[in-house]
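On the provided structure of chain A, position chain B as indicated by the hints.
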Amino acid sequence: MMSASGRAGQARSSQQQAIAKLQDALAAEQAASYGYGVVGAHLPQGSARQGAATADWVAHMRVTDELVAMISSRGGQPAPAAVAYQLPEPVQTATAAVALAVFLEDRVAQAYLGVVALPDSGLRSFGAQQVRAAALRAAAWRGSTQAFPGLLAIRPNG
Amino acid sequence: MIARYASALKQLTAGAYIAARAVQAEHVAHLAQLRSRLVEPSGARSSPVNPPHGSLSDGPGAGGVNGPHAVLGQLEIAEQAASDRLIGELAALPPSLAQLFASIAASEATHAEYLRADRRAR
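In order, the protein sequence lines correspond to chains A and B. 38 is the number that numbering that gives the first Met the number 0 gives to position 39 of the first sequence; each next residue is one higher, with no gaps. 23 is the number that numbering that gives the first Met the number 0 gives to position 24 of the second sequence; each next residue is one higher, with no gaps.
This is chain A alone, in the form it adopts within the complex (with noise of 0.2 Å):
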């Protein structure tokens, strides 16, 4: 049996995991939230692309402010965003700004399912409808679907 400090340290262990897992998904959003600016900067001015991408980095703003509240609700202190952030490839024209916009989802998709695999069901159900709302907006970049988004080791036929 379990002692009250036992559980007390348990509860705390498993908010401590909360905010980290969280804190993974604040960062992977604010990087998304950066790297749309420079996805939206190199697609054709009032284009249905670049419009898109204004649609994208808001949702991404709406769930960074979510995200935020949800730490500091568990008494942790949300991480302020980077200035800048490395870009997996240099940004010079649309294709590699779609191809940018791809990789933010998938990196957004996978740290969510971080929250996923925490034992708290209302944290669970939040990071499966964030790695939802992420894989739509890859494959609509993308233009085709992926069979495990955000399990990057999983590889259809591999």
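In short, the hints are calculated from the structure, not lab data. All values derive from a computational prediction rather than experimental measurement. Think of the CB as a built atom: it goes at the ideal place given N, C-alpha and C, for glycine as much as any other residue. Hints should not be assumed to be uniformly reliable.
If we take Cβ atoms under 10 Å as the criterion, some of the chain B residues that face chain A in the derived model are [stated by the list, open to error]:
id, residue
1, A5
2, G72
3, S82
4, L85
5, L89
Partial pick of chain B residues on the chain A-facing surface, computed with a CB cut under 10 Å [as the list claims (entries may be wrong)]:
id, residue
6, L8
7, A24
8, H29
9, Y113
Restraint ranges, calculated between C-beta atoms of paired labels, are given here [claimed, not checked]:
id, chain 1, residue 1, chain 2, residue 2, range
10, B, P93, A, Q85, 32 to 38 Å
11, B, S95, A, A80, 36 to 42 Å
12, A, G121, B, A24, 33 to 39 Å
13, A, T53, B, R119, 19 to 25 Å
Only chain B this time, still in chain A's reference frame:
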């Protein structure tokens, strides 16, 4: 879902067939992963492993569909329902299986959107 797609493919032509066939291939990959992670009870080897989603004969689109638009529409509904159902089942799962379910749920949501776009383009 695989059997549902197999049935639907018979009613689809050219472009719609190719789109649905690509999605079906992802369901095959889902099933393979689920089979590799789910433990079959001993003595149950003769019965097929039932994937925890995508009931093969119930739900929207199980019957009464005709024409490519209707077929794609029913598949869309089935995909969205399967995605929602998987997310609803996450709470009871061990972490790694919850991650797999969430990823498959996300994939199914993208299938629904992909089929919707394909249907609208026709």
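So, going through the hints one by one against the coordinates:
{"no.": "1", "hint": "A5", "verdict": "violated, 18 Å"}
{"no.": "2", "hint": "G72", "verdict": "violated, 18 Å"}
{"no.": "3", "hint": "S82", "verdict": "holds, 7 Å"}
{"no.": "4", "hint": "L85", "verdict": "holds, 8 Å"}
{"no.": "5", "hint": "L89", "verdict": "holds, 5 Å"}
{"no.": "6", "hint": "L8", "verdict": "violated, 17 Å"}
{"no.": "7", "hint": "A24", "verdict": "holds, 7 Å"}
{"no.": "8", "hint": "H29", "verdict": "holds, 6 Å"}
{"no.": "9", "hint": "Y113", "verdict": "holds, 5 Å"}
{"no.": "10", "hint": "B:P93 with A:Q85: 32 to 38 Å", "verdict": "holds, 35 Å"}
{"no.": "11", "hint": "B:S95 with A:A80: 36 to 42 Å", "verdict": "violated, 30 Å"}
{"no.": "12", "hint": "A:G121 with B:A24: 33 to 39 Å", "verdict": "holds, 34 Å"}
{"no.": "13", "hint": "A:T53 with B:R119: 19 to 25 Å", "verdict": "holds, 23 Å"}
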